[in-house]
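All chains, please: the whole structure from these sequences, using the hints.
Number of protein chains: 4
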Amino acid sequence: MGHGLKNTRKSREDMDERRAAVEGFSGARLSTIGNCPFDPMLAEKNIENMIGTVQVPLGFIGPLRVDGDHAHGDFLIPMATTEGALLATVNRGAAALTASGGARTIIIKEEMTRAPVFRVRDVRHARQVVAWVDEHIEEIRKIAESTTHHGKLLSAKAFANGRSLFIRFAYDTGDAMGMNMATIATQAASEVIQDKTGAVLISVSGNFCVDKKPSALNYILGRGRIVLVDAVITRKVMEHKLKAEPELVAEACYRKNLVGSSMSLSYGFNAHVANMLSAIFIATGQDPAQVVEGSMGTTTAEVVDDSLYVSLRLPSLEVGTVGGGTRLPCQSEALSMLGCLGSGKAKKFAEIVAATCLAGELSTMAAQAKGHLASSHKALGR
Amino acid sequence: MGHGLKNTRKSREDMDERRAAVEGFSGARLSTIGNCPFDPMLAEKNIENMIGTVQVPLGFIGPLRVDGDHAHGDFLIPMATTEGALLATVNRGAAALTASGGARTIIIKEEMTRAPVFRVRDVRHARQVVAWVDEHIEEIRKIAESTTHHGKLLSAKAFANGRSLFIRFAYDTGDAMGMNMATIATQAASEVIQDKTGAVLISVSGNFCVDKKPSALNYILGRGRIVLVDAVITRKVMEHKLKAEPELVAEACYRKNLVGSSMSLSYGFNAHVANMLSAIFIATGQDPAQVVEGSMGTTTAEVVDDSLYVSLRLPSLEVGTVGGGTRLPCQSEALSMLGCLGSGKAKKFAEIVAATCLAGELSTMAAQAKGHLASSHKALGR
Amino acid sequence: MGHGLKNTRKSREDMDERRAAVEGFSGARLSTIGNCPFDPMLAEKNIENMIGTVQVPLGFIGPLRVDGDHAHGDFLIPMATTEGALLATVNRGAAALTASGGARTIIIKEEMTRAPVFRVRDVRHARQVVAWVDEHIEEIRKIAESTTHHGKLLSAKAFANGRSLFIRFAYDTGDAMGMNMATIATQAASEVIQDKTGAVLISVSGNFCVDKKPSALNYILGRGRIVLVDAVITRKVMEHKLKAEPELVAEACYRKNLVGSSMSLSYGFNAHVANMLSAIFIATGQDPAQVVEGSMGTTTAEVVDDSLYVSLRLPSLEVGTVGGGTRLPCQSEALSMLGCLGSGKAKKFAEIVAATCLAGELSTMAAQAKGHLASSHKALGR
Amino acid sequence: MGHGLKNTRKSREDMDERRAAVEGFSGARLSTIGNCPFDPMLAEKNIENMIGTVQVPLGFIGPLRVDGDHAHGDFLIPMATTEGALLATVNRGAAALTASGGARTIIIKEEMTRAPVFRVRDVRHARQVVAWVDEHIEEIRKIAESTTHHGKLLSAKAFANGRSLFIRFAYDTGDAMGMNMATIATQAASEVIQDKTGAVLISVSGNFCVDKKPSALNYILGRGRIVLVDAVITRKVMEHKLKAEPELVAEACYRKNLVGSSMSLSYGFNAHVANMLSAIFIATGQDPAQVVEGSMGTTTAEVVDDSLYVSLRLPSLEVGTVGGGTRLPCQSEALSMLGCLGSGKAKKFAEIVAATCLAGELSTMAAQAKGHLASSHKALGR
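Order-wise, the sequence lines are chains B, G, R and X. For the first sequence, the working numbering begins at 166 and goes up steadily by one. For the second sequence, the working numbering begins at 166 and goes up steadily by one. For the third sequence, the working numbering begins at 166 and goes up steadily by one. For the fourth sequence, the working numbering begins at 166 and goes up steadily by one.
Keep in mind the hints are simulated off the structure, nothing from the lab. In this text the structure is predicted, and so the values were computed from the model without any measurement. Keep in mind that the hints are not guaranteed to be accurate.
Any copy will do: because identical chains look the same in the list, a pair fits if it lies in one copy or spans two.
Stated by the list, open to error - Dumping the calculated SDA-like pairs for lysine to any residue here, alpha-carbon to alpha-carbon at most 25 Å:
{"id": "1", "residue 1": "K408", "residue 2": "T348"}
{"id": "2", "residue 1": "K535", "residue 2": "V365"}
{"id": "3", "residue 1": "K535", "residue 2": "H290"}
{"id": "4", "residue 1": "K175", "residue 2": "S311"}
Written as structure tokens, this is what we have:
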């Protein structure tokens, strides 16, 4: 103790000392922040310079029925937010989905990626390096996997551009989100490539992974998990639960999510997937910065046989049920609400997350679609 | 009381009842979540179905010197995260920036947008509607501004495409992030446009705003605030604080942020802006889903006169110091740490956020750039 | 004469000498290329090292009825191509449009842009430069316009990023496509900015114009002309002329142009606009490399009142009726076919081009939509 | 004869009759267009409604040394354009490349794609269809390849989104550009998929191919051929041939091609690749509308060991040396100039095209970079 702002230790006393020093420096009173109901040592791997906690209101939506390959049944989903009306909105969509037999989910790809950038001498050198990697993939695999208990190297694909060479390593990271695992394994593999080929490792992340930035690459090829979810909502359920006819929602979806997002050249052809992701991610100890790529989804709605067909494609859903923030007290409790804490649960969790996103999409599109009705009676009909 | 999951009231007793019902439904124990150090009624406008709080570890980085138009001086920045090493990383960058005179920040545009989509009969009708809007902009302004105390309509620009017409309303929303204000004002304006022109309002958000989705539109034209920040770090400070020569960082930035992001067609030409945004947003009650557009930044680094010039352009930084989550106890305390709570503080806060992002960018690029050094001595030099 | 490959003069004898030298060098016989029915001196400003002409088959489609602000009536449109079936396809669409009262066209924006990139010292310097430009815009206008008879400077908007500053100059270039005019005027303006502000001109084109590259910038803000065109085709005409029901075409347009292009993150939400543009551009002496940005269009189709509503938005149509290749013999004859040769004709020409693109879109979508019919009778219906 | 505009036959007399009718309809004189030095029957598969030819000025650049896997030696490259200065510019770059040992080229991927869109019932149905395709890939291959002499099916990858399912078929199409071959084979394969799975073929092209539209998909995964080309130009050659120091060109390339194109969110990180492609494509009977995807290239320049390293990545170069426009008289002569007419020549041709593009890039960047020198002496130096 006694180092104030410079104290880097992790006990409650250290935390309190730092907070007092921050109060002294800034003149602010941080009494609520000081409330840390759990032992700060539990967060020692999750943060530095801890001075307390920020308490984010936590609620739930549901029951939401999910009819997936890994998630079956009705769930109460924890969501943390400060945006009023969000949970009410999602809840309404959940009720409509549940009344329709639930959201059907499938996972079509799973891999976590890390792509270092190397400096090569020229494009022929790039080709030699790529050939070396292809020929020694088993050796590279051994080195990469020697750094991890659970990670499996799935592929290492090269993309060359002048003197910059990107190799996108893809891993099965089990129930962990896997970014750190992928980074460590890739660093080891990259050093061997550097030693053997003369390619100089410039950065273990070459922005061809791509982590925490929106990208066409992940939109198209996926990262984390590609999850598809859909449902059919009868006209009756639409009108009863969502107060909007299927045609209205389909048109709103068409003009907003497709034409609108095409006009703004968005990588997100949806209404507000980021809201649901962000609230679940904070609640369950996921990495909230990965909402960025998670937000790149496409929501479609079509009138089929007098009902509304609605679907969501999430190409880059990066979640885990072990490691990272999932170890913390509240966050592990939140995962427990879903029966998703620990090993063997990541696929189930991914499906529940996707289903919740669909609930939010459906409800918001219905609300926006009917928002104009009250006042549109004087307007020219379609 | 007595409605369990269906209880929609807001007192602590209601919260506790709901949480007990969730425990009963799910079989999970939610004791830590149940710790809500503040009166849940304080969050009544921020969430529904509240069952407690999720406590996110909160730390600080700094002092970080900011030399902006609105923020001057040395700041301790609150950041909430569960990602170990993040704060240590940013802190290192902050030390380098502070030792270099601080991060220089300027704000070059401020507006919050909302863009409804209308259905028109055809492109000529679209043109008539646009002409009507242009001619009646003062009338529209009055109606829009009648819904708000602080919002000012700045412009209403039309983008037509077949039978879909998008009108992008831009507002000065003062110290509020302003999304709700913009939505309410736009709804009112849109209804008038509908009544007068026969254009049918399909959705008050037409994904041409664009909220919580990455988009070229906001990358280019901006939303919220466009903030630029830069700094010059001498070779000495680079080597002392960041252990990396300017040339290394400039090359990593070139190959990763420019070539790499061009190869993946990313809307983010940076290292990990989303990390800093997300940690500050959660700490200070911002909307964490808006990290999505916030993440679209460009970080550049160049060697100039033997020093490293580093800059960040954030085209879509959406923050506020009043309203939303800023009212909650911890979150307002966190803003107080910066002297940024309440009216008249949003510009200052935006500058501090941008400066913190630059600190994180600088530090991570240096770490990635030097990461290869230990092992690259055998590799072919440049 | 007598310099063979090195001969740089422009007469027919020079051309023939060069061609003979090429034959000698390469061993190829170039007798058809040698056929140049016009005096090569006529092309002296259009090419260097001329050895003859390439004769591209030229046909026409039409009559196509255009109901625009500048083009009225029925037109035969010249198209040069080597792609069999293209003209037959467009012709079929033209017949359907004409039978429906024609394609309705409007132009909603006109400006040619050139955007130099300057190196500035830092972001504050960038702001000073921008302020200087704003304050001296009249002086800049005079200098820019002093270089041209017809060009008018419309605006000069700055976009700053670290040490790179882009200023996008927009011009009214009358009936010329205007790229050269814009370049010369911008060079003059840029040199003044450089002299007065210390910003160093790095390139008169900073890829923020953006010429001959697809870009979100031009997709959203437009370059050349933004042209909208639409039409309503009755079910009867659809079935008679295009053998496809409105519903089929609307669905094909939805799944292909919107969902498909969203999935591939294309900047072209259309079927094959580039085909029509390219054939007309070659026929009429436009710059065929500008088909690149021209190809960024959105085609929509909706069933409205039992008819098919179809529209096309072309955000970046860059054409001219004076200067460049329009002076050459065949090319000026082709423009004459449309009554579009010379001054005062560019708007009319732009409308005809857009209408022709719509004809091609309509026809191809109908063909693709009905392509599955023959064989789909066994398949599960919708 | 005697049908005027309605005459659809192919002889010279028919052509002349049609042209006379066009003259009558439009009032234009089309005498130069009427000059068709070759028998119009030769173009019977290349165009309909032919009325003559448009004669595009044809020149050459070179000798350009190419040091590739398939192209070796010095070439004179035919280019057809109406844009004055283009050939002079490219020629200058060719001289610099040749003086530096030539442009080094490699091809790293070759495939032509066609991607139909099917309507499926829901995402589970999509999964079933994909599974069926994977299990029956040999059967699908047989059917696809039965429609073509030369095409080989390489892969068929599925991308699902709600009720829309895209299957991207990739072919080796030998020396043909291969679009028609791919379309016919894919149509046959798609009909089988439709019959066997209940997926309804909506369009044989689902804009996931992606033909003649810029797209992230092709930028990242490639279409046609992915070609890399680079060269090292010594300072002496730079100064002698291009009048620009390596540093100047590297900086212009950085601020324009990387920072500038990132700011405009362009899919083309180059200077003017479309110019070279378009001039070669017209000269040699390629499909000029495919310049659109061809234009998506990245040009980089770096100072290495006091020389300029320059490279170009062309991810979507679609060319052929048999079929299509290559059969026409001038166009086949132009291919002969390169020794690239007919079978076994497409790879060589692709390499020469890429090398020519690099020549144009190098020269234009040098010109733009030095453009500011004359007037910048008063400006603040770097």
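Outcome of the hint check:
1. Taking the closest pair of Cα atoms, K408 and T348 come within 25 Å of each other only across two copies (21 Å); inside a single copy the shortest separation is 48 Å, beyond that limit.
2. Taking the closest pair of Cα atoms, K535 and V365 come within 25 Å of each other only across two copies (12 Å); inside a single copy the shortest separation is 58 Å, beyond that limit.
3. When the C-alpha separation of K535 and H290 is checked against a cutoff of 25 Å, the pair qualifies only between copies, where the shortest distance is 23 Å, while the shortest distance within a copy is 60 Å.
4. When the C-alpha separation of K175 and S311 is checked against a cutoff of 25 Å, the pair qualifies neither within a copy, at 31 Å, nor between copies, at 52 Å.
Violated hint: 4 only; the structure is consistent with all others.
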